[in-house]
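*Asks:* Since chain A is already given, all that's left is putting chain B on it; use the hints.
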Amino acid sequence: MRRSWLSPHLLADAALAEADRGAAALGPSAHATLLAACDRLGESSTLLALRAYRHAAEAWRRFGPEGTARWLALGEAVATGEPACREGALAYFAVPPAALGGPDGAAAWCDLGRAVARVSRRLAATFFERTAPVLGRPDGIERLRAWVEAGLGLHDTRGWRGAFLAQAYFDAAPGALAALGPADYRAWAETGAALSADAEERAFFATLPDGLGAWRAEERVLFLPAVRALAAASPRHARIVYRALPPATAKLPADARAALLHVLARIDPRLAASLAELAPVAGAVLAEVPPAERLAALARVEELAAAHPEAAVAALRVLPRLYEEASPLEIRRWFGAGTAVAAENAAAGRAYFALESRTSLAVLRAASTAAALEDTQGVWRKLVQMLSGEPVVVRGVEGATLRPPLEDLPAEHEVALPLRIDWLPTHEDNCRVYRLLATVLAGRREFGTYAHPDLRARVCAPELLEDLFLLAEGVRVHHRLATSYPGLAGEARALGTRLLEGWGREPAPSRTLVLDALLLLALGARPRPAWLAADAVALVTRLVAPLAAPGASVEDALTVARALAAALDAPALALPAAEPEVVLLLDDLTGGEPRADAGAPASEGGEAPPLDPAALELASTRDDEAASGHPLSADELRRLLEAGAKIGQGSGVSAGGGLPITALVGKIPAAQLAALRRALGDAEPAAARRAPVPARDDHAFFYDEWDHLIADYRSRWCRLTEVGLAGDAGEFFGRTLADYARLLPEVRRQFQRIRPEMYRSIRGLEDGEDFDLNATIDARIDVRARRAPSTRLYRSRVREARDVATLFLLDMSASTDEPLAPAGTDGRAGRRIIDALREALVIMTEALDELGDAYAIYGFSGQGRANVEFYLVKGFGERLGPTVKARIGGIAPKRSTRMGAALRHATRKLTAVGARARHLMLLSDGFPQDDDYGEDRRSHVYGIRDTAAALREADAAGIMPFCVTVDRAGHDYLREMCDASRYLVIEDIAALPRELPKVYRRVVRA
Amino acid sequence: MSAEPFYLPIGDEVALFTAAYECRLPVLLKGPTGCGKTRFVEYMARKLRGAARNGGPDGNLITVACHEDLTGSDLVGRYLIKGDETVWVDGPLTQAVKMGAICYLDEIVEARKDTTVLIHPLTDHRRILPIDKKGEILEAHPDFLLVISYNPGYQSVLKDLKHSTRQRFVTIDFDYAPRDKEAQVIAHESGVAMETALELAKLGEKVRHLKASGLEEGVSTRLLIYAGLLMRQGVPPRRACEVAVSRSLTDDAESQRAIGELAQAIFG
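Line by line, the protein sequences give chains A and B. Converting from the first sequence to our numbering requires adding 3 to each position, the first position being numbered 1. Converting from the second sequence to our numbering requires adding 52 to each position, the first position being numbered 1.
Where hints are given, some of them may not hold.
Unchecked claim - Here are the simulated lysine-lysine pairs, DSBU-like style, with alpha carbons at most 30 angstroms apart: (1) B:LYS150 - B:LYS134; (2) B:LYS214 - A:LYS912; (3) B:LYS134 - B:LYS185; (4) B:LYS82 - A:LYS912.
Said to hold, decoys possible - What follows is a set of in silico ranges between Cβ atoms, one per label pair, in the way DEER data are often shown: (5) A:ASP820 - B:ASP176: 25 to 35 angstroms; (6) A:PRO530 - B:ASP225: 52 to 62 angstroms; (7) A:ALA551 - B:GLY243: 28 to 38 angstroms; (8) B:ASP225 - A:GLU504: 52 to 62 angstroms; (9) B:HIS172 - A:THR794: 28 to 38 angstroms; (10) B:GLU191 - A:VAL726: 51 to 61 angstroms.
Since the hints were derived computationally from the structure, they do not count as laboratory data. No residue lacks a Cβ here, since even glycine has one placed at the ideal position from N, Cα and C.
Chain A with its partners taken away, still in its complex shape (with noise of 0.2 angstroms):
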């Protein structure tokens, strides 16, 4: 008999064929109500039919006669019945009987799609293609109906949208069913809601987070309300913590996530932007945190966390810094004060917890051990300046060494010490440490090390022979140093086996730490490492024995060290790979230079492959192009970095675009680096007032600020550097006196009169110059009455000399480029603020010179906390001659006007002064303002009181300050800022150069 649904397609599918012959297979009994069925199923559609005849052989030998009745009956319920659902029966009759998990299983599954399809029919025929797969579980119907019921109350729930979102969360079926559990859909569908407020649904359901299927059940359970809670605040930094949260913390041990993860659930959803910062990066800042430290630490943030929620974020950041500088229980002691502070003042305790108050940095520094280069780059380099007789410029780096590394460029005296040192139990020892090293890179200079220029390009091959060379040449320079200063003879010996007690418990020594081990050991300190093989010992310490001797030169050690890297080829004595440069410094990505070399084939040393151009392609931040990976973005690298997190080297397939961060190694590739630096450049900026301050700049002064809002000082916040001021030719100068041909005698003869009396006459002196007549007539009087005459009979004259020095820091910022008037109506075109203050200082000085009061001139300006600029115009040693008169004519507007630590500055340059009368005199036009001069940009209240502290202590160090300020609404801030009696507006612009010197004669005193 020809049946319609299925003769036409015998021939053309195999597959059915097959299935036919399998019907057929059962005996005609069966074919024939198989055939029957289908039949019925026909009516209503052939390709219904057709997947059941599929399958109805391979029913009926699993089900047997009544089962695959019941089978087909649940399928044409599906189809034909009320609400009839005929896609969802073909993805019923798709499924292999075997696949279903038996009848019930199957009535089960079908009931819940029918359920479903009560509620929309495109709904139930989504379960039904997608849920199948689940069937096979124990817990597959269980899933279901969890699945079921969070679909529909999302349908349910959401108006409009919840048709929306109950597509996309249906469609999610195969990846979401089986990864998380039942007690999650329901969490999951809602955190979908809510962050799909303002984004695709698909986007959301579309993929889970990576990793978040592998946690338990109880971390989903805190994680995902904790994820909605900040939705409610905001949906897209809650999306990015969702996203980002599971892959970052998916190495960590699952006790330590699921205290973070408690940790999140306490914190203020207010604070989801923070969060969203820190999510990217929350796993590698936790993994610095020693393991045994992990639980403590993080139940600590979490306390502060019920109290102090911001400050719970900022104090996960630092984490692992703090673990880095203290021990457990002096960060114990840390946070209890830093709970106080938070307590009393919410932004001070934010900024406690960040580490960038002074309060903070104090408590935690009177904690550590370590000793920090901050702390302490002025001595070693005072002492290495001292001991090779070369200025040189200290650069921190990362990473302590016994062998520092061959300075690129001697000629440029820069030398390198580590950022900080705690090997050692006390403070005192970790500094002798930093001793021996400023001693090592001074006997570099002093016994000849960079005496061939081309001595780097003779050890950078093999890759071993740099270590290698450094160890040999250390022995070298380390018996030099021993002979020529006799106090350093023991010390590397006797500190060499205080640090090999303690690197002998290593469990897996670097080659850096075996290189260094071994230069201790060849210059005689003890015992040896365990790990450290006594031939090998043998070995170098044979080797190296020949530079000890006092003629030992750099090319000896050259010698040896090529002699240590073939005896060191012996597989018997290799040495450990070598380790990648793990850890990379926020200046080599946006200061640094790119190595020559870059791009060159790896070594066999094991390293990280080198990089791969097509592989750096920094992800966007867009949860809609989230792949089966995570690729860190620009802004999530800046903040892993800011977070000192170290970046550590592991393995792993990343399907997604992106930057592998193990493909960082070493420096990177000047194209590469151009692309990171305007990735960097161009990301969403963090808050610019978290943007680090770079701290290696010798030549920089840094200063801290205060900070109203906090009540304390934001530590080293301000980096300052002094800049030279190129002039013209002193026309401007000259000009200046020319037009004021008529002024200046005036203000000459002013001057004159203010100039003391260079002696003073005092009477009544028992010694002096000469007699005091009437004193000694009265005394001859008294003798002649017998009286006892007075012995002070002598006059004497006393130096009477004004002893000032006066600093004159003018605000060069870029408001002085206002002209004071329309061009030609003032006689002369296009004067300015700038140069009415030029003009006001030529006066100034050709009084000063008749005065004869020591004065220095600096302006100032600069852009942002990181770049506050200190022109020199006029030091106190200098004359008043054409170099000077150039610099006064090359004053120029500029940019911002960060005050505070402009005054910090020459605070500190008139300390330096040694007069009995100091005055500091500031020439504004305009409130201290800058880029980050506090969180808000439109207030300047910042600003004002930074720069009333910046007054306070100037007045403190003995210097009275005063302010001369040419803005009309100068009142307003300034009487803010300093006493009446210390500020003066002069309204009059164009009058400063005549009112200037009466402005000193007034408040200049001597």
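*Replies:* Structure of chain B alone, referenced to chain A:
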């Protein structure tokens, strides 16, 4: 009779001074503090003039340490009341002019400017000393010689030696001796062993590298001698260097510490 002062010549300063003395040319000794200027003058006075007679005031050399309150009267003399009488008492400059001694004005720029009025007529062809209070003009003894000293690095801009004054003198530059010679001086003056003296001289040489990088002046030979004297009294070397060198040289804690580290490197 006092012993001959010890002085170790560094360059040709002895020959120069001798030549200037022969011509009675005023001499300006220019150099940092504690490098031997005063000792040099004492040595040359003894060498050129022989020992002082009668154990009385040294007829060879009269030294005046100038300070900012030093006036012309302090140099020339003044009237004093003794009992019922008013007596003129010659100042040190007048004494030297009369006796024909060498008058050494140490750190002349510190003195008041009215002393310049006295120096000028003595140091040009006139060789006279006007004593206004007595209405006298004293002609200098043929053996009279004026020597002044001056530390160019120390004074502030305002305290400078004007050209009208400095160009009346022959200038001999002084500086700290090379290490080996300075060690000899230290050993002689302090009595420490030459080995220790060499270490002290090395310390001095190294510390002087910090001049203008945290230190206004380098460490003087005088301070190194003090350190040696303390060591000879049993003070540990590092402590002696601390009190005699680093704390005397600077108040900056960082510089003090750096010098302390250097001392430790040298002495242990």
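*Asks:* Taking the hints in turn, state whether each one holds.
*Replies:* Each hint tested on the structure:
1. With a CA separation close to 23 angstroms, the supplied pair B:LYS150 and B:LYS134 stays within the 30 angstroms bound.
2. Using a Cα cut-off of 30 angstroms, the hinted pair B:LYS214 and A:LYS912 holds, with the two alpha carbons roughly 27 angstroms apart.
3. With a C-alpha separation of about 18 angstroms, the suggested pairing of B:LYS134 with B:LYS185 holds against the 30 angstroms cut-off.
4. At most 30 angstroms may separate the alpha-carbon atoms for a hinted pair to count; B:LYS82 and A:LYS912 meet this at roughly 29 angstroms.
5. Taking the beta carbon of each, A:ASP820 and B:ASP176 are about 57 angstroms apart, not inside 25 to 35 angstroms as hinted.
6. Between A:PRO530 and B:ASP225 the CB atoms are about 57 angstroms apart, so this pair conforms to the stated range of 52 to 62 angstroms.
7. Look at A:ALA551 against B:GLY243: about 35 angstroms separates their beta carbons, and that is inside 28 to 38 angstroms.
8. As the Cβ distance of B:ASP225 to A:GLU504 is approximately 55 angstroms, the hint placing it in 52 to 62 angstroms holds.
9. Remark: the range hint 28 to 38 angstroms for B:HIS172 to A:THR794 is upheld by a beta-carbon distance near 36 angstroms.
10. The hint said 51 to 61 angstroms for the Cβ distance between B:GLU191 and A:VAL726, and at roughly 60 angstroms that hint holds.
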